[in-house]
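Residue numbers (the numbering used here), protein chains in the order written: chain A, 18 to 334; chain B, 93 to 604.
Just so you know, the hints here were simulated from the structure itself, not pulled from any lab data. Mixed in with the good hints, there may be bad ones.
Stated by the list, open to error - With a straight-line cut-off of 27 Å between C-alpha atoms, the simulated DSS-like cross-links for lysine-lysine are:
(1) B:K452 / A:K279
(2) A:K50 / B:K452
(3) A:K62 / B:K174
(4) A:K66 / B:K573
(5) A:K62 / B:K452
The structure presented is a predicted model; accordingly, all values stated were derived computationally and were not measured.
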Amino acid sequence: MATFGNGSGATPGAVGQGRGITYPDFSSPTVDKVMVEERAAGLGKRSIKGPAKIAGLKLAISMMDLTTLEGKDSPGKVQQLCQKALRPHERADIPPCAAVCVYPKLVPVAKRAVEGSTVKVASVATAFPSGLSTLEVKLADVRQAVELGADEIDMVIDRGAMLAGEYRAVYDEIAATKEACGHAHLKVILETGELGSYDRVRKASRIAILAGADFIKTSTGKVTPAATPPVTLVMLEAIRDHAHATGRRIGMKPAGGIRTAKQALHYLVMVKETLGDAWLTSDLFRFGASTLLNDVLMQLEKERTGAYQGGDYFSKD
Amino acid sequence: MSDKGTAAAGGDGGSPRQPSAARDTAADAAVVFGDAWRYAPAPEGRDHVKIAPRYDLFIGGAWRAPESGRYLDSISPSTEEKLCEFAEASERDVDLAVQAARAAYEKHWSRLRPLERGKYIYRIARALQEKSRELAVVESLDGGKPIKESRDVDLPLAAAHFFYYAGWADKLEHAFPGRDPRPLGVAGQVIPWNFPLLMAAWKLAPALAAGNTCVLKPAETTPLTSLLLAKIIEEADLPPGVVNVVTGAGATGAAVVGHPGVDKVAFTGSTEVGKRIQRALAGTGKRLTLELGGKAANIVFEDAPLDQAVEGIIGGIFFNQGHVCCAGSRLLVEESVHDALLLKLRERMATLRVGDPLDKNTDVGAINSRAQLEKIQELVAAGEREGAARFSVSCALPQRGYWFAPTLFTGVAQSHRIAREEIFGPVLSILTFRTPEEAIEKANNTMYGLSAGVWTSKGSKSFWVAQRLRAGVVWANTFNKLDPSSPFGGYKESGFGREGGRQGLLAYLEVD
């Protein structure tokens, strides 16, 4: 475990041996809390006006994973959510959302509802949200969701293992889940609100990226705090360093707690100024949100008409 | 300690199944900062700002034309637009100002109950807050600094200084128990152009709280916010003559400093002028504090949180276009992380937005004056001649006004002029070191000693280094943090005396 000792980084290509498998080096840079929070707040001061605001808000809609993850989710609820994702507003210039995100049982309903559109179906899996089932159960959960038609799988990491320092176990689970996903894209939820430090967020990001994540995602939405700007910035920096080292672009999905258009623009500013142009697409950036969409629509209508409209002028699905 | 590979900071083993291979040449092109989503202009409004066509001198509570009838132009460095005219005070005008200050000291200010003195200072602080938007715009127009900074740093800190020292006004006995603190009399205060209003606050607030009266001389390129502050002081109904503002160039400053009726001189500015003042004051019995230049070392160890260090380095040198006496202008980086840090720095510099100071998204504004721009250009040319490698951000600079693209030099040696002389511009010199001892030796190997930074994830190392650095302020894992309660000042040619905190009062008091 020597390679875990120094927080300052890793020798590229260094490997560790265990259980007959070759592991990459998980060590990752340390993160200073004060300065990373200051930087994230600084990016929140960008003033996004006029055409930049309109373009940013439309982009945000096209990046949204419209989400419902409740015990009371029913086919009716999911169908309505899908309608909203397909056509968030009657205006023709407003794009559809990127995806809907549901529990595995409701994947077929969502799949039928969005058929023939660009909207993808994402399913949470791996004993979401705690992830505390056996690996067999979790992998079966993934395979079933994919068989039912999920285009994307949002898995949770084993935070207990992460906190206990069992990084290889975390890595193995992600790698196994990736394999179980087959053609489906894998988003790896770190549940940063339970990780306790930015250092651990950064390390978990690295482990997930190395284990095969297509996206890394902050939160389940079931734990407070969920996505925050500094946590997202730390993850974006892990993605950036990986891109520099390998040329491979990993996606990012902040989820939970993003409710206003202003917040969404703040996240887009962070992406633009940390990862650059290539990530300003739904292929590489998503918002996990359930109530964000209507605030974004309200702001877009305000930009068009000059006046704020009441909440009832926007459909609540 | 890890080897050079740490450099990659997040250095990467590639995908798990091909550990060391996948490092393709496309990697460098992965992250590109372009115009996929362009920010629209976001100019701060200036309709609410009223700049008079001409400003006179504020002497004895009234606005007086200069005896000579001469006025100078105040130019906006970002557009070269003439903002207004301001009076050039002669020796005679300065004499009137000192007399007014003396009369106010003897008749009013020294007789006032300290609690009442404090109330006046609180009143100035509140007025600064109320007018902060207008003052921020004027500061950016007159000095060229980004509105983001004048709005979020200069104005709040200036108000905070008045609030802080207002609280001390009736507690001087507690600040220096048993030492019978007494005011000095008339303070002559000459301030620089880099933080015009904030420096006025740093000078006036402790002087007034301690019971002195003041003659303030702002810099000739940035007189406007001092004049607006004089208006605030007038509206706050301070007894006439307690604060006098005389504008002008070097000769006016020399007249303030040299006036025999001045009991105390406080100067912030260049080391060259500071030396002249100290020579002129020798043997006069006047009290003196000097806050002069700097060439701060910002030391980055290989175990530092590199991404955050990058932010500290960028803020340390490009904040206020590098017109900061405590700027982190010498980056000392441990050899093992030099390449990784440089990559991150250059990438971060690509996202800096240089341009209109009034645009809310501007990170780097205009150089304060043509003279300063020429000085920066001269030192940068010297850096190139002496063999350091220059990298400047490729950004479009406005046609009019004074501009300099954010720049760094690598391969700098201690002997280079760009490592020894204060550039006072957006130019970073990068040097390397191998051991902590070498870092400290290089950091201290300067004629200055105002500030320094240390970046490491090891707490004990920050303290070990900080104890050995000969600098007035040492920041650990951060930079350019200022607070009214914290004393600020230098070693060696960075000056003497402290501003801020309880220590800042001492510069304006006689104690047993």
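Hint check results:
no.	hint	verdict
1	B:K452 / A:K279	holds, 16 Å
2	A:K50 / B:K452	holds, 26 Å
3	A:K62 / B:K174	violated, 30 Å
4	A:K66 / B:K573	violated, 30 Å
5	A:K62 / B:K452	holds, 8 Å
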